[in-house]
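Chains as they are written, first to last, in this note's numbering: chain A, 1 to 108; chain B, 1 to 194; chain C, 1 to 505.
Incorrect hints may appear among the rest.
[Claimed, not checked] Chain C residues, not near chain B, derived (Cβ > 12 Å throughout):
1) Leu55
2) Phe86
3) Tyr291
4) Gly390
5) Leu488
[Stated by the list, open to error] Per the computed footprint, the stretches of chain A lying under chain C, defined by three or more beta-carbons under 8 Å from a beta-carbon of chain C, are:
6) 25-35
7) 39-48
8) 67-77
9) 88-94
Think of the hints as simulated: they come from the structure by calculation, not from any bench. Since we're looking at a predicted model, the values are computed, not measured. By construction, the Cβ of each residue, glycine as well, lies at the ideal position given by its N, Cα and C atoms.
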Amino acid sequence: MILPPVGLLHYLILSVCLFCFGLLAVITRRHAIGILLGIELMLNSANINLVAFSHFLSPPHPVLDGQVFALMVIALAACEAAVGLAIILRFYRQTTVTDVADAKLLKW
Amino acid sequence: MTWADWFDQLAFFVVAGITIVAAAGVVFVPRIIHACLCLLVALIGIAGLYGLMAAHLLLAIQLLVYAGGIAVLILFAIMLLHRRSDGGILGGTRNLIIGLPATVIVWFVVAAAVIFSKWHYLPGGGTVSPQADSNVRIIGELLLSRHLLAFELVSVVMLMALVGAIIIAREDRSTDSGQQVAGQQTGESGGNAQ
Amino acid sequence: MPYSNLSVFAPELSLCGLAILVLVADLIVPRAWRRLPAGLAAVGLVVPLYFVARLWQKAPQSEFMGAYAIDGLSGAFKILLLVTGFLVILLSFDYLRKLQRGYGEYFALLLFSLTGMMLLTGAADLIVIYLAFEMISLSCYVLTGYMKRDPRSNEAALKYFLYGAAASGVMLYGISLLYGLGGSTRIIDIAARFMASGPAAAVAVQPAFLQSALVQAGVPELYVMRLAGLMMPLAVVLVTVGLGFKIAMVPFHAWAPDAYEGAPTPITAFLSVAPKVAGFALILRLLLVWYPELMGHWPALLASLATITMFGGNLWAIRQTNIKRMLAYSSIAHAGYLLIGVVVAATNSMGLHGIIVYLVAYLFMNLGAFAIVLLVARNMDGEEISDFSGLYHTAPALAAVMIIFLLSLTGIPPTAGFLGKLFIFGAAIGSGEWAWLAVVGIINSAISLYYYMNVARVMYFGKPGEQVLTVCPAGVVVVAVVCLLGTLGLGLFPGLIIKLIQQCV
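The shape of chain A in the complex, shown without the other chains (with noise of 0.2 Å):
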């Protein structure tokens, strides 16, 4: 059996479904951590994206561009989550509602 090496492809394809993962936690979860998850399951699959096309991009650009992206997303993803659990902690201490979509103090 002969298998294509393992390529950029392969990368981006795991990538999709790391994204649609978080896109379907995102959608589904009724906890608003639970979204949160989905939020940094999505970043991480652009982190695999960006590695992937700085690692397989071609001689003429042998920069790492895409690495450096995705530190300062790791970074970003930190402090999204510091100011996210902030705000949720905030928010579940002083209602009795787990699932967001019963946030009904404002019209969703």
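Given the structure of chain A, go ahead and fit chains B and C onto it with the hints provided.
Same frame as chain A, now just chains B and C:
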């Protein structure tokens, strides 16, 4: 195919399989804490993928910051909450009816675009210098030359996020009891900060 | 040296420095003087404004090895942002009076947010775009949830965060694909790569077996070729999701009414103007650099989005009873009008000028309306439209000023709003291809007349409440006066600003 090729294939598919299964867990597991643990596994799997792509610095940072920092932060937050389960995807079908077909469509569209696009790339990869230390050096140089603005900007964003998160998260006990309590609190928080 | 000339970066540097200064000043001054850092924030904005104005007349240049562009267009947007920031700070003084802690940090966050927006107007690199975008988003989430005691503020922040983070995740995925297609993070390099090679000359490595399999299975070769060009539109659509979220376009607007209603009112005013200015600056930059090689179909996509954004915003606004929520939907509709300008701007510089003129007008009339809402809410303790009932009898001047802002928002002469709409619709008609958008815009202006004038009707014919206006915070009054002068001045003497814009942009 040589043994090295087989090893490449095996390594990729094992790591990718673990990552995909864990990512599926993030969606389908009912208890939120288990979902977070699944995310942790997925993050470690992704670190493994970085390793396969010779991005060793990112591998380390993914493990340290993402798996070790962000995922654990989320775990702590979950443990601070009392409501830990949302029934998961199987507990309620409200959004599933729209969400699942929509996601499947997105998957097909993006996957088709990825497969049929003309990527200007080499098949085997590895065009990046195989020595990890030189990769790190290149990234360091990029951060201080080509991406200097981004590098400086990320520090400002972090400062801002820190201030913002503290503002939102800290307890505000002094309600209307006047200046004295508030003054004491400021003193306390100042002391804590030191 | 990568940073040959930092002086062109002076506005952003000084603004960021000011934010940090306010943060530090708030730590060291005693509590009784806590207004000092806030005042510093307002006064200090003069410094970046001076630098922007000084750079405005100069030739376009780029800094940080092409990661950041300084030109007339971004200069105009930066001035708009700084003026918005100044007015919002003035609006905030009185609103925050009950705040126990975090008084100075509020202004610091506002200034950081402005810094991010200014960076977005000049960003010419995908990484910088993403970072600036997140900087704006994170600060806005926190500011939305700033009134921690108010459950509505918390809920607004939560919804804003969940939507915003998901949208930026989608956008990041699109950006990563753009990076892969272009092979560089600089938007100009991406454009160059596409112009140089083009799809035909590409040395493509792809699974030929899949394509030949499709052809053998009977799929016409033309469609297989089309599939190969799918990636660029897809990436652009994903990026549009993120941008559409930021400027509250209709399919991605769901956060806006909730966030606007729950947020502290000065922040609502800020959210309704500043992120839009920054978002449109970025859309224009991408469009001007990437059109038409990469974004040939973008104007058509934006035109359809503009149509549903206008109709959606205006039709939902009719049903609202809360004035902040109504203004939220109205601001969505205004994003739709502005999108017409973007669609036209790709081929016609009049659209470009129209967007700037419209944004200037929108800034004054919208912030003015929010200033009046703040004044009324301060005295009536409510933000429903019914709280405006009989305002004409208790405070005639206030009612008259509100009418002027509402007329301007509708686009009736001789106000600034009319001038803005004249420019944008005129540009659309002049372009020929997009003339139908002007018709849609005019129909929508007629719809908007209904709900804006409903507020006027309530003010004039409603039963006056018992309370009269007793408290008139100086900052809010100043903003109302400035906005009134701006709205009328732009409407009565349009020549000055138009000349300035045509000179510099």
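How the hints compare with the structure:
{"no.": "1", "hint": "Leu55", "verdict": "17 Å, holds"}
{"no.": "2", "hint": "Phe86", "verdict": "20 Å, holds"}
{"no.": "3", "hint": "Tyr291", "verdict": "21 Å, holds"}
{"no.": "4", "hint": "Gly390", "verdict": "32 Å, holds"}
{"no.": "5", "hint": "Leu488", "verdict": "37 Å, holds"}
{"no.": "6", "hint": "25-35", "verdict": "holds (count 3)"}
{"no.": "7", "hint": "39-48", "verdict": "holds (count 6)"}
{"no.": "8", "hint": "67-77", "verdict": "holds (count 5)"}
{"no.": "9", "hint": "88-94", "verdict": "holds (count 4)"}
Hint compliance for this structure: every hint is met.
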